[in-house]
Amino acid sequence: MRYFSRQWKVKSDNGRLVKWIILSVYIVLSLAPVFWTLSTSFKPRSETLEIPPSLITHNFTLDNYVKVFQKTPVLLSLRNSAIIVTGTLFLCLTLGLLSAYGLSKFFKFAFQKFFLYLALATRAIAPTALVVPFLIIGRRLHILDTFLILILTNTYMWLPFLIWLMKGFFDVIPEELVDAAKIDGCSNLGILRKVIIPLSISGLVSVAILIFIDTWNELLFAMSLAESVGVKPITTTMTYFYTDVYTVYGWMTAAGIIGIIPAIFFTLFFQRHIVKGIVAGAVKG
Amino acid sequence: MLKGKNAFFAYGITLPAIIYLLLVVGYPVFYLFQLAMSKARFEAGSLNLKWVGLENFRILFQDQYFWEALKHTIYIVVTSIPVSVILALILALCLDKIRRGRGIMQTALLLPWMIAPALGAAMWRWLYNDQFGLINYMLRLVGLIKQPILWLADPNVAINSIVICDVWQYTPFCIIILFAGLQDIPTDLYEAAGIDGANALQVFWYITLRLLKTEILFVLLIRTVFTLRIFDYVYTLTRGGPGRSTEVIATYLYRTAFSLAKFDYSATIAVTLLIITAVLALGYIMLFKGGMES
Chain A
9 MRYFSRQWKV KSDNGRLVKW IILSVYIVLS LAPVFWTLST SFKPRSETLE
59 IPPSLITHNF TLDNYVKVFQ KTPVLLSLRN SAIIVTGTLF LCLTLGLLSA
109 YGLSKFFKFA FQKFFLYLAL ATRAIAPTAL VVPFLIIGRR LHILDTFLIL
159 ILTNTYMWLP FLIWLMKGFF DVIPEELVDA AKIDGCSNLG ILRKVIIPLS
209 ISGLVSVAIL IFIDTWNELL FAMSLAESVG VKPITTTMTY FYTDVYTVYG
259 WMTAAGIIGI IPAIFFTLFF QRHIVKGIVA GAVKG
Chain B
28 MLKGKNAFFA YGITLPAIIY LLLVVGYPVF YLFQLAMSKA RFEAGSLNLK
78 WVGLENFRIL FQDQYFWEAL KHTIYIVVTS IPVSVILALI LALCLDKIRR
128 GRGIMQTALL LPWMIAPALG AAMWRWLYND QFGLINYMLR LVGLIKQPIL
178 WLADPNVAIN SIVICDVWQY TPFCIIILFA GLQDIPTDLY EAAGIDGANA
228 LQVFWYITLR LLKTEILFVL LIRTVFTLRI FDYVYTLTRG GPGRSTEVIA
278 TYLYRTAFSL AKFDYSATIA VTLLIITAVL ALGYIMLFKG GMES
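Chains as they are written, first to last, in the working numbering: chain A, 9 to 293; chain B, 28 to 321.
So here's chain B without its partners, still in its complex pose (with noise of 0.2 Å):
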């Protein structure tokens, strides 16, 4: 192993970029608890601060628009991830069987993800007009509904609307993960299963789930972690509303600091956004490393 002047070199070149993630990342942080723990005040063009501790986090236990975005921030993890994982799950089992245009399907499956929400959100708003948009004209032509769906105008409907974006852009994510697992998985033990005769529920019971948990995990981390954060779509369909129906924790927060210039609450929801994350992650990882033993 390298030592003396080699080590010294080691640090020279590792921290550049440690300390670039330290003034980028780790002093903002830093900042953000502050800004939560105080009163921000604007005197003579810069922002003033006054500790007063845990006192925004107690406004913000008792802020019902806090506790509504927090329900919806939730509900759309609830339901988007489970479908998307289950639905990325029968794609790339279908894809590991097939061999013929698999290229193909794999670049046609990958491309949704690649598509920036900025024309993402263009392309369901369209898709969602509720006079002239594909879809309601589509659900009237097959005699599913009589009235035009207002997607994104109905506070009941709206935030599914959001759900099926949300799906949409990441279930390629899933695939590909979920496919690279599934290949990983060798191909005698399901000879091995059909000489023992196994039925295809069995197999898929006992063998590919059961191989594929790890990669099953870091989707639903990853999906987690990012859902909860969920902000592109929902800003640009609809702003959090009709209402507050479709508002989420990142919208609550963006708009709390854009357009009612409140910092110091903004930073106490972003805080608390951060610490749930961080709790939900790792749980995850706890669950992870018990996979990994069991």
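Bound-form chain A, shown alone (with noise of 0.2 Å):
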């Protein structure tokens, strides 16, 4: 027994091993482009069209990024998209939260269920296919080219995924604590605030970073529903530099690189978050 243990023992470390090689092999292939790329945008164009190519430039440079604040407008793209994602989070929040909060186990009334599985129906149409609507309906309503049509789009796209993953958290909260709550005279709404958001704010947290990074990515409607440069956001200057003939690369991965810094950002600092949304939707959803 004791030599079948030690066996067992050893067999596993080494097995580690070969699970440690292959993920640091993997993460190395999959992170290679993002440091190749961040690596290209500090070269001077000469540089980059050397052969063999420089992992670390020699001649580190910041003139990529000074024209890519000469050549386009991204500060205001950036606070283009600033307003969109906090409109977005905004409009998800608040009719998402009380949404959930009326289609969890705390209240009981007809079409119900039926409302819950119409919000996940809304959320299987993809935008691609609704493109071309939004475009016509924005055009005769005249609220193309504005934040409010981002906004509104932008929300349906993850209004549905909200409802559904607070209601799920919700429904875990104990009757017991809000039935005291109501004895103590809570509201209805008082309730909602006071007991069931701070009891469930993990999750929420988890989703409102999710919302906030795809939002923030989110290049279609970007680019069919916004034509003048106070409303167009950031992922429209991150493809400012793509032409089909004459490509400066150096520009085109910096223009990248700053567009991405927030939602690297966060997902650094609230990695646990993200992953725990992603997983509660799935198990949930």
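Keep in mind the hints are simulated off the structure, nothing from the lab.
Ideal Cβ placement from N, Cα and C applies to all residues, glycine included.
Keeping only pairs whose Cα atoms sit at most 20 Å apart, straight-line, the calculated EDC-like set for lysine to aspartate or glutamate is:
1. B:Lys124 with B:Asp215
2. A:Lys284 with B:Asp123
3. A:Lys284 with B:Asp211
4. A:Lys121 with A:Asp179
5. A:Lys113 with A:Glu184
6. A:Lys113 with A:Asp179
7. B:Lys240 with B:Asp215
8. B:Lys173 with A:Glu58
9. B:Lys289 with B:Asp90
10. A:Lys27 with B:Asp123
11. B:Lys289 with B:Glu95
12. B:Lys289 with B:Glu82
Here are some chain B residues the structure puts well away from chain A; computed CB gaps all over 10 Å:
13. Phe84
14. Gln89
15. Val169
16. Leu171
17. Val184
18. Ile186
19. Ala220
20. Gln229
21. Met313
Computed footprint of chain A on chain B, listed as stretches where at least three residues anywhere in the stretch have a Cβ under 8 Å from a Cβ of chain A:
22. 57 to 65
23. 107 to 121
24. 138 to 147
25. 253 to 261
26. 280 to 290
27. 293 to 305
Using the hints, put the two chains back together into the complex; each one sits in its own frame.
Next comes the structure, spelled out in structure tokens:
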């Protein structure tokens, strides 16, 4: 028995090393493109066209970044993205939290299940399919090329997810807590604000971060529904240097790097929250 | 349970989101179907619709470009999804067995998913560059190729280059879900199997895969639904080219609307995309239900 267990241990240690190596190789391969892009953004143009390519530049320069600021309305588009993301988050959270509370186990009414599945069904509609209707209806309502239409359309992609997820979190809250608050004279909205939201705050943060990152990265609606520089978000600036004939890779990568800083920041600092949100969405959605 | 005044309150807080969804998704979907069954004409600055029934669909089924786009979309679905799910399964299994450095590895594995396709495409275009790109350089360095591969310009290669991007970006999502599933498998099951003398392959087949069925089906469902509508990478990397070799349903419908201004026909393609997605999703859900019962 002792012999057996020792053998088992040695084997599993070797196995662990192999697993470590597999993971490391994949991580290096999957992050190399990002590293390479970052490195390119600090190279002068001549150096990007060198063979063999240098992994780390020997002529460090910020010229590419300066060019991005000179040639594109990057600050304006960062501001636009901030407005669109804030608006989307606000709309998603206001509508979603209220609705998730109404659809949770604390209430029972006709059509409750139906509403829940209706929300789920809207989540399955591809944004690419809706671009044309959005364009035509938006033009008819004179809201094309405004923050409003970008906020309204971005909200649809996350609201159903938020409702399902938060309903899931609300449903595991013990009923006694709500009853106690009720006896203390709390109104229904007071219960939501003082009991239910504080108890599910970590789930809420996870979803909010996912909404933030995804809305920040959104490209399709941005390039189809907005035209003027005062409205277009950062993703359109990131693709500003995509031309078919004459591509300056330094500028293109620098513009992209500026655009992903907020999303990367959130990923690095809230990794656990993000994972939790995705997993909860998978289990409950 | 809450009744009377409370039910009224419940409707009051639930309905705003539902009304929003009906207006912002329900009505556009209705309009999309209407558009798909009409001939649209611009008259005095507005779009006039004339009902033609299924005429547009008849044209669509004879449209060779549509079939090509569908073929390319299916090609990406059936290559990218198995590759990313198997890769994710291997990586999740590895992640499940190690202790040291797990947190940092998880973050590193997650990162590609968080990178905006707007940067991802720039990155891959630069990597795929046939003269100065890193990939061709590396492949030549280790002697795998003599001539540079035209990653985005060769019609036979370009679609595979897009598959690589798709795998790179969406494998992290699969890893997270599968890893979470693995952690829910009770360890005493493995111990019991060890005592019974099961080998690693048997353990994997009879315990891990069986208990991971729900997560695997979920990942397959989500990846299928999202890959069917793949747009960002195709549009930014190749615009459907060279020729039409990477045209997918989403870029075809986008181009039909935005370059050719054929909104009615674009809507027809969109409706077809929705129907295909719905049918496949229902298929998966049936499998899901079947899997739950057995």
